[in-house]
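K.L.:
One-letter residues, chain by chain:
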Amino acid sequence: MSDEKHPLDLLKGMLRIRRFEERCAQLYQQEKIRGFLHLYIGEEAVAVGVMESLRPDDTVIATYREHGHALARGMDPGLVMAEMYGKVEGCSRGRGGSMHLFDAGTRFYGGNAIVGGGLPLAVGVALAERLQGRDGVTAVFFGEGAVAEGEFHESMNLAALWHLPVLFCCENNLYAMGTALGRSESQLRLTLKAASYQMPAWEVDGMDVVAVEEATRLAVESVRSNGGPHFLEFRTYRFRAHSMFDPELYRSKEEVEEWKERDPIDLLRERLEAEGILDEEIWSALEAEVGEEVDAAVAFAEAGTWEPVEELTRFVYSEAGIS
Amino acid sequence: MSDEKHPLDLLKGMLRIRRFEERCAQLYQQEKIRGFLHLYIGEEAVAVGVMESLRPDDTVIATYREHGHALARGMDPGLVMAEMYGKVEGCSRGRGGSMHLFDAGTRFYGGNAIVGGGLPLAVGVALAERLQGRDGVTAVFFGEGAVAEGEFHESMNLAALWHLPVLFCCENNLYAMGTALGRSESQLRLTLKAASYQMPAWEVDGMDVVAVEEATRLAVESVRSNGGPHFLEFRTYRFRAHSMFDPELYRSKEEVEEWKERDPIDLLRERLEAEGILDEEIWSALEAEVGEEVDAAVAFAEAGTWEPVEELTRFVYSEAGIS
Amino acid sequence: MTDVLTQNRTATYREAMREAIREAMQQDDRVFLMGEDVGRYGGCYAVSKGLLEEFGPDRVRDTPLSEAAFVGAGIGAALAGMRPIVEVMTVNFSLLALDQIVNNAALYLHMSGGQFNVPLVIRMATGAGRQVAAQHSHSLEGWYAHIPGIKVVTPATVEDARWMLATALADPDPVIIFEHANLYNTEGELPEYGEPVDIDTARVRRPGSDVSLITYGGSLPKALAAAEELATAGISAEVLDLRSLRPLDTKAIVATVANTHRVVIVDEGWKTAGMSAEIAASLAEQAVWELDAPIRRVCAAEVPIPYSRHMEEAALPQVTTIVAAAEEVAGR
Amino acid sequence: MTDVLTQNRTATYREAMREAIREAMQQDDRVFLMGEDVGRYGGCYAVSKGLLEEFGPDRVRDTPLSEAAFVGAGIGAALAGMRPIVEVMTVNFSLLALDQIVNNAALYLHMSGGQFNVPLVIRMATGAGRQVAAQHSHSLEGWYAHIPGIKVVTPATVEDARWMLATALADPDPVIIFEHANLYNTEGELPEYGEPVDIDTARVRRPGSDVSLITYGGSLPKALAAAEELATAGISAEVLDLRSLRPLDTKAIVATVANTHRVVIVDEGWKTAGMSAEIAASLAEQAVWELDAPIRRVCAAEVPIPYSRHMEEAALPQVTTIVAAAEEVAGR
Ligand SMILES: Cc1ncc(C[n+]2csc(CCOP(=O)(O)OP(=O)(O)O)c2C)c(N)n1
Ligand SMILES: Cc1ncc(C[n+]2csc(CCOP(=O)(O)OP(=O)(O)O)c2C)c(N)n1
Ligand SMILES: [Mg+2]
Ligand SMILES: [Mg+2]
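Here the protein sequences line up with chains A, D, E and S, keeping their order.
Be aware that the first sequence starts at 16, since it is given in this note's numbering, and climbs by one per residue.
Be aware that the second sequence starts at 16, since it is given in this note's numbering, and climbs by one per residue.
Be aware that the third sequence starts at 24, since it is given in this note's numbering, and climbs by one per residue.
Be aware that the fourth sequence starts at 24, since it is given in this note's numbering, and climbs by one per residue.
No wet-lab data here; the hints were simulated from the structure.
Where is the CB? At the ideal position from N, CA and C, for every residue including glycine.
There could be a bad hint or two in this list.
[To be verified] Each pair of labels, with its calculated beta carbon distance range:
hint: 1; chain 1: D; residue 1: ALA335; chain 2: S; residue 2: THR35; range: 44 to 50 Å
hint: 2; chain 1: A; residue 1: GLY120; chain 2: E; residue 2: ASP81; range: 48 to 54 Å
hint: 3; chain 1: E; residue 1: ASP223; chain 2: A; residue 2: ALA40; range: 44 to 50 Å
hint: 4; chain 1: D; residue 1: GLY242; chain 2: A; residue 2: GLY148; range: 32 to 38 Å
hint: 5; chain 1: D; residue 1: ASP310; chain 2: S; residue 2: GLN49; range: 52 to 58 Å
hint: 6; chain 1: E; residue 1: ASP81; chain 2: S; residue 2: LYS274; range: 56 to 62 Å
hint: 7; chain 1: D; residue 1: ALA335; chain 2: E; residue 2: ASP315; range: 41 to 47 Å
[What the hints assert, rightly or not] Calculated lysine-lysine pairs in the DSS-like style (CA-CA distance at most 25 Å, straight line):
hint: 8; chain 1: D; residue 1: LYS275; chain 2: D; residue 2: LYS27
hint: 9; chain 1: D; residue 1: LYS268; chain 2: S; residue 2: LYS72
hint: 10; chain 1: A; residue 1: LYS27; chain 2: A; residue 2: LYS275
hint: 11; chain 1: E; residue 1: LYS274; chain 2: A; residue 2: LYS268
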C-alpha cells in the first residue's frame, strides 16, 4: 500500500464507525433500534488499529460494545444495521441485535454481552488453531471492568500456561458503567497485573490509531510466531454514555471535554493535514463516501423484512442433526 | 509463656495432629470413617504456627483438609473425631464429616470443600468485622491449586481494594490432587501473583513451625493495625495421598522421601534436643499425653450416638424463624 | 412509625423498593447495600438512586465486576453479624455466583449442624421483554426454587415491593428477591399504614370461578389483563399470585383449583423442569381428581429469547396466549 | 470394525466409558479430552486411566482448577473445528462453569442466526450416596434439562456408557453426559457387535402392567430392584429408563402410563421444580385421564445431603421407599 493511502484508510475506518454510530443514536431515538445500545464513539482508534494488523484467517471476539469492531473487521454495514433493526437480513437474522453481531465469513465470533464471557472462548479458539496446525491469532476485546472477573484470571492463566496464540485487547476507557477503575481494581497498572501471568503486556495510547496499529502489529507477529499470548492495554475513553439509559452521574462534563481534546479522528486528521496528506477536498470526499455507506446501510435495513414467526424454533439445535 | 514451654507446645500441637490423623487413617480402613478423608500429615507446622499467632476473636476458614486447623485452633479432638464417625455429638452433628468441621465457639467457619469457595466468605467476614468496629483478623486457608480459580482472583482484589483485615494463607504443597504446580500456573512464584493485587506477600518455610509462627505474627500485626490484607505462601508437602483413593501415579517415591527428610515434627524435635529443651523423657511424656487425647477422642466418638432420622429436616432453615 | 410508613400515595414499584431499602438502613445499622453500580451510578434500574448520598460509601458499596466474590462476601458478612442486601444486577449474571449461593449460602446452616445461619438478602432483576436478547433475558426463578436452604420471593405488586424486603431481612436465612425489570415503572397505591407482609403465602389477586390463572412476578399483570378480557367473554378467571416460590404455597394452589377445577399456569421461565412444572406436579399429586380439564402451561417458548420485537413477543407468554389457553381449558 | 467393537464380555461402566473415549480419539483427530486430573492422575474416578500414555498430553489435557475457563475453552475449541470432550470432575463444580454453558454453549447457535454451532461434549459425575456430604452430593440434572440449546443424557447401563458418547460426539450441538458416580463399578454385558445408540429416546428396562416406575441415571438399579421386590408381592412394575432428559421422550412416558395407569417417579434430585416435576407435569398435560391414582414422586428429601450414613440413606430414594410408594399407588 502507498504511504498515503494507508493512513487515509485508517482515517476513513474511524470516520465510518463514528458516522455509523451517530446515526444509530438517532435511530434509537426514533425507536428503529431498541434494547441496549452501547456506543463506541471516542474509542474508534482501537478497533481500527487492531483489525489493520490482523489477517482474514485470524479470529475476533468482542463485547456488547462491538459495532466498531464489526465494521473495522470488514463486516457489511448494511448487515450490521439490519441486525440492529431486528431484520432477518441482519448478520444474526435480527436475533442478536446490537450486542450480538456475528459473522462466520470474517471470523467474527460475536458480540458477547456477559462481561468477561468471551475470554474463555478465545482461549479455546486459540487452542483449536494450535491443535489443527494453523497459525491464526485470536484477538479478544474486553473492557477494563472485565479484569476483575474470575473468567479473566482463569483465561489469562490458561492462555499463558498453554502458550496459546491469544491477543488480549483490553480497552481501558476508565469506567465500567459508573464504576471508575480506582473503585474496581486494587492495582491500577493493568499491565502489571497481566505480567503476573508471565505474559508480555504493553500500554498503548488508544487515541492514536497509528500507535495502536504499530503496537498490535508487533504483538501479533510475536503471538503468531509462537511467542505465546500477549496483553495490550489501550488507554481510551468513551465519549458517550455507557448506554442509552445512563444519566452519567459518575463523571464530570469537564473530564469528558478534556478527553474530547484527544478525539482519535481529529488527532489523525490534524497530523495528516500537517503532513500534507489530507486537505479539505479529500476530507469532504471521505465524509461523502462514508455518508453514502451509512445511508446505504440504513436503506438496506429499512428495506429489510421480519423473520417469519414460525422460524422462532429454528437453530435452537442444528438442522443438520446428528451426522 | 516461658521460652521452654512455648516451643514444646508447638511440638505437642503438631504431634497431636499427626497422631490424630494416623488414627483416622486406621479408622478409615476399619470403615469407622467414611466418605472423603484428606490427611494433613506433613503440613502440621502451617496450621500450628498460624493459629499460635491468632486471637480467640479472630476467624478461621479452612478447606476439606482441615483436621489440623481444627485441632490447632483448639477444637476438642473428641468433637472432631465424633464428627468423622458421623455421630450427633460431632462438631457438625455428624452431618459434615471430615470435610465440614464447624465450631462457632472458636470461630471456626468450616470446613469448605469447594476449592476456592471459602475465599469470598473470608472477605465478607473481614468486611463485617470492619463495619462493626472490631479488630478481628480473618485467616483463610487454601491450597496452591485454588490460585487458578476465579474466586481467588476476585477475592484477592476485593480484599485489597477495600483494605480488609484478611490473612490469605496459601498452603503450597506442590500438588492439586495429581496436578503439579507447573501444570496449573503460568507464574510459579505465587507471591509475585499476590503482589500484583498490591498486597504484601511473603514466602515462608512451611516445614519450620517457628518460621511460620514468626512470619504470621508479623503479618497479623500488620493486618490488625489496618495494614490491609496480607498473603502468606507456606512451602510445604503432603506426605500422604491426596485422599484415601489416590494411587499417587503423579509423583515419585523418592520425591516423597526427600520431603520427609524435612518432617516438621522431626525438625523441631531435633532443634529442641540440640537446645537441651527436649529429651527422651519429655518426648515420651508428650507422646503419652497426645496418645491419651487421641484415645479419649476415639472413645468419645465410639460412645457417640446417631442423630435421630426424624431430625433430617432440622436446620434446613433456622428454627427461630422470622424475628 | 417513621414518616416513610405513613404516606398514602401512588408510587412506582421502583420507588417502593427504594423506600424499603432506605427504611431498612435507617432502622438497622447492620443493613448495608452492595453490588455493581448501586452507588455512584444509582443502580442500573435506578432503584438505589440517592442512597449513596444519604448513607455513604460504607453502607452503599459499589463493587467491582466480581459476582462470585461480592455475593460470597455478602454470605460471609451475614455469617459475621451483618444484614447485607446484595444486589446482583440481573439474574443473568447470577450464574457467576451460583457456586456461592448453592454451595455456601444454602448449605451452611444444615451442614454445620445448625451453628451457622446466613441472614442474607439477594436482590436481582429478572425477565425478558425489553429486547435485550438472549444473554440478558433469562428467567431462572425456577432454578433457585429447586434449592433447599434458600427462600425465593417474587414481589409482583407495588405493595409487595414496598414490604417484602423488611420481612426478608428479618428472616435468619438467605432470601432471594426477584424483581421483574418490567415492573419497576408500574404504579400502585400504597396503603396509608403499610406494614411488613409475609413472604410465604400466595394471594388471590382476582377471584373467579371458571378457571384459575396461577402465576408470579412479571406475568401477574398479563394474567390480570387476560382475566379482564376473559370476563368480557363470560369466563370468570381467578388469578393466583404465588408471591413466594420457595416455600411454595401448595395449599393455595390446591384451593384455587378446588374452586375452579381448571387451571392455566403462566410462567415467563422455560417450561421444561421449571416453576410451571412444579405447580403442575403438585396438582397431579394432591388435586388430580379436582381437575375437569388437563393442566395447561403458558411459558416462554423453549428457545433463547431473540432480540427482534415480534420474535421476542412470540417467545413470551402474552395476554392473547393466556386467554386462548384459558378458553381451551374452560371448553369454550 | 476395530477390535474395540467386537469383544463380547462383561465390562464395568467405567471401562465402557473409557473404551468409548479411546475409540472416539482413535477414530477422529478432532476429539480430545480436557479436564482436572484426567491425565497424570488418571481421572478422579479412574475413567481416563491410561489415555494420557496412549494419546499424549495434547489430546489428554490436565487443566488447572479453572472450571469456567476450561469449559469455555471447550466451547471455543468446538466453535473452531474441534470435538472436545470436557470432563467436569463432578456436577458440584459445574456451578462455576454455568455462565459458559448457559450463556455461551446453549445460546450461540440461535443467537447467531444459525451460524455458530457448538459440537461439544461435557461429561460430569453426579449424585450422592458415598457419604461425601452436602457440597459433593448434588444431582442437578433437572437444572440442565431446563435449558434450551443443550442436550442432557444420563447413561444408566453399561451399554449406554459404552455407546452414547459416539452419538453425542456426532451431534453438532452441546451434549452433557451425566455419569452417576455409583454406577462406575456396575458390571454389564456388552453386545458382541455393539454400535452407537440414539440419545433421545427412553427404554423400558423391565415390562410390567400394574405400575410404572419412571427414572433415570443412578436410580435405575434401585428402581429395578424395587420392581423385583414388587413382583414377589404380586405387583407387576414397568421400569422406564428415560436415558435422555433433554429432549424428553414424553411419548414413552405417556405410553407406559397408558399401559399401567399408575406411576411413581424416582429421581435422586430434589423434588421441587426438578426433573420429577417435569415428568409429572407432562402427564398432567397429556395423560391426566389415564391416571387411576395420583402421581407419586420419590425424590431426595428437600435437605442438603448429610454425611452420616443413616442420614444420607434417609435423604435419598431407596428400594424400600420406592416399593412403598408403588404399593400405595397400586392400592395395596
Ligand atoms: C458478568 C456481567 N456483570 C454485569 C454486567 C452488566 N454490565 C454490562 S457492561 C458493564 C460495564 C463493563 O465495563 P467494561 O468492562 O469496562 O467495558 P465498557 O462498557 O467500559 O466498554 C456492566 C457492569 C454484564 N453484562 N455482565
Ligand atoms: C471447584 C472445585 N473443583 C474441583 C474439586 C476437586 N478437588 C478437591 S481437592 C482438589 C485439589 C486441590 O488442590 P489444592 O488447592 O492445592 O489443595 P490440597 O488438596 O493440595 O491441600 C480438587 C481438584 C473441588 N473440590 N472443587
Ligand atoms: Mg470500561
Ligand atoms: Mg496443593
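K.L.:
Checking each numbered hint in turn, tell me which of them this model violates, lowest number first.
P.N.:
Violated: hints 4 and 11.
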